[in-house]
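**Q** Keeping the supplied structure of chain H fixed, place chain B upon it in accordance with the hints.
Each chain, letter by letter, is given below.
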Amino acid sequence: GESVGLHLPTLSVQEGDNSIINCAYSNSASDYFIWYKQESGKGPQFIIDIRSNMDKRQGQRVTVLLNKTVKHLSLQIAATQPGDSAVYFCAENRGDKIIFGKGTRLHILP
Amino acid sequence: DAGVIQSPRHEVTEMGQEVTLRCKPISGHDYLFWYRQTMMRGLELLIYFNNNVPIDDSGMPEDRFSAKMPNASFSTLKIQPSEPRDSAVYFCASSWASGGGETQYFGPGTRLLVL
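Taken in order, these protein sequences are the chains called H and B.
Take 614 as the starting number for the first sequence in the working numbering and just add one per residue.
Take 24 as the starting number for the second sequence in the working numbering and just add one per residue.
Do not take every clue at face value.
Computed list of lysine to aspartate or glutamate pairs in DMTMM-like fashion (alpha-carbon distance at most 25 Å, straight line) [as the list claims (entries may be wrong)]:
no.: 1; chain 1: B; residue 1: Lys-47; chain 2: H; residue 2: Asp-709
no.: 2; chain 1: H; residue 1: Lys-715; chain 2: B; residue 2: Glu-85
no.: 3; chain 1: H; residue 1: Lys-715; chain 2: B; residue 2: Asp-79
no.: 4; chain 1: B; residue 1: Lys-101; chain 2: H; residue 2: Asp-709
no.: 5; chain 1: H; residue 1: Lys-681; chain 2: H; residue 2: Glu-652
no.: 6; chain 1: B; residue 1: Lys-101; chain 2: B; residue 2: Asp-53
no.: 7; chain 1: B; residue 1: Lys-47; chain 2: H; residue 2: Glu-652
no.: 8; chain 1: H; residue 1: Lys-655; chain 2: B; residue 2: Glu-67
no.: 9; chain 1: H; residue 1: Lys-715; chain 2: B; residue 2: Glu-67
no.: 10; chain 1: H; residue 1: Lys-715; chain 2: B; residue 2: Asp-80
no.: 11; chain 1: H; residue 1: Lys-684; chain 2: H; residue 2: Asp-644
no.: 12; chain 1: H; residue 1: Lys-684; chain 2: B; residue 2: Glu-67
no.: 13; chain 1: H; residue 1: Lys-655; chain 2: B; residue 2: Asp-86
no.: 14; chain 1: H; residue 1: Lys-710; chain 2: B; residue 2: Glu-37
no.: 15; chain 1: B; residue 1: Lys-47; chain 2: B; residue 2: Asp-86
no.: 16; chain 1: B; residue 1: Lys-47; chain 2: B; residue 2: Glu-85
no.: 17; chain 1: H; residue 1: Lys-681; chain 2: H; residue 2: Asp-644
no.: 18; chain 1: B; residue 1: Lys-47; chain 2: B; residue 2: Asp-80
no.: 19; chain 1: B; residue 1: Lys-101; chain 2: B; residue 2: Asp-80
no.: 20; chain 1: H; residue 1: Lys-710; chain 2: B; residue 2: Asp-80
no.: 21; chain 1: H; residue 1: Lys-710; chain 2: B; residue 2: Asp-53
no.: 22; chain 1: H; residue 1: Lys-715; chain 2: B; residue 2: Glu-106
no.: 23; chain 1: H; residue 1: Lys-710; chain 2: B; residue 2: Glu-67
no.: 24; chain 1: H; residue 1: Lys-710; chain 2: B; residue 2: Glu-41
no.: 25; chain 1: B; residue 1: Lys-91; chain 2: B; residue 2: Glu-67
no.: 26; chain 1: H; residue 1: Lys-715; chain 2: H; residue 2: Glu-652
no.: 27; chain 1: B; residue 1: Lys-91; chain 2: B; residue 2: Glu-34
no.: 28; chain 1: B; residue 1: Lys-91; chain 2: H; residue 2: Asp-662
no.: 29; chain 1: H; residue 1: Lys-655; chain 2: B; residue 2: Glu-34
no.: 30; chain 1: H; residue 1: Lys-655; chain 2: B; residue 2: Asp-53
no.: 31; chain 1: H; residue 1: Lys-715; chain 2: H; residue 2: Asp-662
no.: 32; chain 1: H; residue 1: Lys-710; chain 2: H; residue 2: Asp-644
Because the hints were derived from the structure by calculation, they are not lab data.
Isolated chain H (complex conformation) (with noise of 0.2 Å):
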């Protein structure tokens, strides 16, 4: 069936570095992808967002990406720091509701 998942369950990554987060969907006809962040203990939160009639899209320190044509998109978080930390999830808007895929662990090394 239709679905967003991710690529990887974790991912680490040196303090500093840049983090490369990827997800892959299957629904040739979404149109809209949101990246959320889940830090311990608390609820997702939102990142970023694009439209399909875009390949990218920047925020502070990070960039979403996509690829239309292999229906992929990843998140890029520059010069990652220990509060980037988190468990990150790309969720695909249907409508009134989102639908998440299983997330990414992203652990930062000293």
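**A** Structure of chain B alone, referenced to chain H:
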């Protein structure tokens, strides 16, 4: 604004007991969502309301689960009777517009353990 408020933050109960989770959405938000999060199944949408009316409850696992929204500032999720497999973190979220990820704000969650 204090954000989405959920209570209790933690709940431990025995199998067969009734559990009631509470949520206060952000004032002015007209959508309210209930999610369940487990390691195995991730974050699942259970039900959502628009203007206090349930719109889609297709995610509710079974008849033991029920949700109500008697007014714009309060919603409950009830499990009766509870079972060990209901153990999870339950999140409430609210938004002021249809869809739009940036407008959906999550509460801190209720961690439920059913023994």
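**Q** None of the hints should be skipped; say for each whether it holds.
**A** Results for each hint:
no.	hint	result
1	B:Lys-47 to H:Asp-709	holds (20 Å)
2	H:Lys-715 to B:Glu-85	holds (22 Å)
3	H:Lys-715 to B:Asp-79	holds (22 Å)
4	B:Lys-101 to H:Asp-709	holds (23 Å)
5	H:Lys-681 to H:Glu-652	violated (29 Å)
6	B:Lys-101 to B:Asp-53	holds (21 Å)
7	B:Lys-47 to H:Glu-652	holds (21 Å)
8	H:Lys-655 to B:Glu-67	holds (16 Å)
9	H:Lys-715 to B:Glu-67	holds (10 Å)
10	H:Lys-715 to B:Asp-80	holds (21 Å)
11	H:Lys-684 to H:Asp-644	holds (11 Å)
12	H:Lys-684 to B:Glu-67	holds (22 Å)
13	H:Lys-655 to B:Asp-86	violated (28 Å)
14	H:Lys-710 to B:Glu-37	violated (32 Å)
15	B:Lys-47 to B:Asp-86	holds (24 Å)
16	B:Lys-47 to B:Glu-85	holds (24 Å)
17	H:Lys-681 to H:Asp-644	holds (9 Å)
18	B:Lys-47 to B:Asp-80	holds (19 Å)
19	B:Lys-101 to B:Asp-80	holds (13 Å)
20	H:Lys-710 to B:Asp-80	holds (12 Å)
21	H:Lys-710 to B:Asp-53	holds (14 Å)
22	H:Lys-715 to B:Glu-106	holds (24 Å)
23	H:Lys-710 to B:Glu-67	holds (11 Å)
24	H:Lys-710 to B:Glu-41	violated (28 Å)
25	B:Lys-91 to B:Glu-67	holds (18 Å)
26	H:Lys-715 to H:Glu-652	holds (15 Å)
27	B:Lys-91 to B:Glu-34	holds (19 Å)
28	B:Lys-91 to H:Asp-662	violated (30 Å)
29	H:Lys-655 to B:Glu-34	holds (16 Å)
30	H:Lys-655 to B:Asp-53	holds (22 Å)
31	H:Lys-715 to H:Asp-662	holds (17 Å)
32	H:Lys-710 to H:Asp-644	holds (13 Å)
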